[in-house]
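Model the full structure from these sequences, guided by the hints.
-10 is the number of the first residue of the sequence shown in the numbering used here; add one for each residue after it.
Read the hints as simulated data drawn from the structure, not as lab findings.
Any given hint could be a false lead.
[Unchecked claim] The list that follows gives simulated cross-link-like pairs (lysine-lysine, DSS-like), each with its CA atoms no further than 30 Å apart:
1) K44 x K(-3)
2) K165 x K110
3) K168 x K(-3)
4) K55 x K110
5) K75 x K(-3)
6) K66 x K168
7) K109 x K44
8) K66 x K44
[Claimed, not checked] Just the calculated beta-carbon pair ranges, DEER-fashion:
9) Q220 x G161: 36 to 46 Å
10) Y3 x N126: 40 to 50 Å
11) Q74 x N192: 19 to 29 Å
12) N13 x K66: 14 to 24 Å
Values in this document were obtained by computation on a predicted structure and should not be read as measured data.
Ideal Cβ positions, reconstructed from N, Cα and C, are used throughout, including at glycine.
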Amino acid sequence: MTESIQVKHLTVAYEGNPVLWDVNVHFNSGRITAIVGPNGAGKSTLLNAMLGFLKPISGEVDFNVKGQQNVSYDKVKQEVAYVPQKSSVDWNFPTTAFDVVLMGRYGHLRFAQRPRKEDKKIARLNLEKVGMSSFANRQISQLSGGQRQRVFLARALCEEAEIIILDEPLAGVDIKTEKVLMDLLRQEANRGKTVIAVHHDLNTVEEYFDDVIFLNREIVTFGSVDTTFTQENIDETYKQDRNLGDSIVAKTEASDAYDQTKARKVAGR
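Written as structure tokens, this is what we have:
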């Protein structure tokens, strides 16, 4: 397995308050990885930091894609497809399902170049893959939640990227749509793509994912689902008294105490 993304000592804060603390984790190509944790655990924040939407206090995110090693997102963004949370999309924007999917081809066009016949063919093909061909001319505002997720996955597939990142792609969709989306993502992983998804339903982690990251504002643990998805790790991640603030204070106090002890030894006291 190849580590396509490496997150190293990543700390992110809002208005001086850390929401992610010293995150160290990696993602493998050819695998589907779930990021799980309670509400407010920083799952979406981690994705946003990886994609360069948020600037971390410290740490870095390195991408290894198509021969490029340890480079930033800006250098490989054409190789990264992103499906945002449904709540972050303006569903009243006047555009059709086909036009949304066609947007996935824009990264393959020169500046001001109009989509080519080949681009439109690829868009139609991916609409068909997600079972939405008959809705191509439908306004996105008229689509159901599951249909919208299908359209946005089709857009991501149009990008033909090596890495696909999705923020809660299965939230609020019916079982049939869930199966369609995950079957398509499995096909992408089988082709060597890296697939990463924030996921909320613990009951389906073992069915859909290869690897799992337990996150509660810091990494609790991560690894293959077979060995890591245990009740002990679930309990540790979701326990109510787990507090990042306490963790940071404890680490800071321990570090300060160590520094003071070291200083006294140097001073001969």
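So, going through the hints one by one against the coordinates:
{"no.": "1", "hint": "K44 x K(-3)", "result": "holds (14 Å)"}
{"no.": "2", "hint": "K165 x K110", "result": "holds (26 Å)"}
{"no.": "3", "hint": "K168 x K(-3)", "result": "violated (33 Å)"}
{"no.": "4", "hint": "K55 x K110", "result": "holds (25 Å)"}
{"no.": "5", "hint": "K75 x K(-3)", "result": "holds (28 Å)"}
{"no.": "6", "hint": "K66 x K168", "result": "holds (28 Å)"}
{"no.": "7", "hint": "K109 x K44", "result": "violated (35 Å)"}
{"no.": "8", "hint": "K66 x K44", "result": "holds (16 Å)"}
{"no.": "9", "hint": "Q220 x G161: 36 to 46 Å", "result": "violated (27 Å)"}
{"no.": "10", "hint": "Y3 x N126: 40 to 50 Å", "result": "holds (41 Å)"}
{"no.": "11", "hint": "Q74 x N192: 19 to 29 Å", "result": "holds (20 Å)"}
{"no.": "12", "hint": "N13 x K66: 14 to 24 Å", "result": "holds (23 Å)"}
The structure fails hints 3, 7, 9 (numbered hints given earlier, in ascending order).
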